[in-house]
Amino acid sequence: AQSVTQPDIHITVSEGASLELRCNYSYGATPYLFWYVQSPGQGLQLLLKYFSGDTLVQGIKGFEAEFKRSQSSFNLRKPSVHWSDAAEYFCAVAYTGGFKTIFGAGTRLFVKA
Amino acid sequence: DTGVSQDPRHKITKRGQNVTFRCDPISEHNRLYWYRQTLGQGPEFLTYFQNEAQLEKSRLLSDRFSAERPKGSFSTLEIQRTEQGDSAMYLCASSFRDQPQHFGDGTRLSIL
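So the protein sequences, as listed, match chains A and B.
Mapping the first sequence onto this note's numbering, position 15 (from 1) lands on 16, and the numbers just tick up by one.
Mapping the second sequence onto this note's numbering, position 29 (from 1) lands on 33, and the numbers just tick up by one.
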């Protein structure tokens, strides 16, 4: 069965430090992969997506993610975290054709001054 | 692009009552999705429409749940005889074909 694992429930990073959020997926074929961010009481905002092509994808707000097929991973990175990045981050995978999206349980990011 | 709009933002009701939520997708989007999100979890897929046709329903969607999209535009999600376990955030999303989904801010349901 298709699944998404985000092994870190929460992460605390100092402002200005680099960030990497981990995501592993289980899927039989090349999936569509996404990272979303959610602030408290809000919906989800798309940070970036991978459909095909270049395995390093750039997103909004200075985020990037790298698709590694051999590791079934799609980790999210940011070189320098800002206090406003504190939120919940969700990795997601969709079937080819893209209608049913499966989300990980999320990683909550705390940013300390 | 006014985004995906959901109404109401919050709903508090007594156990056993019926509730209905509305979702207005982005106008040119032909696909509409409903998800449920409980505290500390990611969204769980409930159902999906392509235009007015409901093409997929999760096993999470019990007989007490029904969703419609009568004219292929807005959608409603109704929960009959609400139970404590229905307390959650209900998220709507829309997309054009298999492009990334755009989410609304959700309806938070609290069952007393």
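Wrong hints could be hidden among the right ones.
[Stated by the list, open to error] According to the in silico footprint, chain A covers these stretches of chain B (three or more CB under 8 Å from chain A):
{"id": "1", "region": "22-28"}
{"id": "2", "region": "53-65"}
{"id": "3", "region": "93-105"}
{"id": "4", "region": "108-116"}
The set of hints was computed from the structure by calculation and includes no laboratory data.
Small disclaimer: the values here were computed from a predicted structure and weren't measured.
Ideal Cβ placement from N, Cα and C applies to all residues, glycine included.
A quick look at each hint next to the structure:
1. 22-28: violated (count 0)
2. 53-65: Coverage by chain A holds here, the residue count being 3 at a Cβ distance below 8 Å.
3. 93-105: Check passed, 8 qualifying residues.
4. 108-116: holds (count 4)
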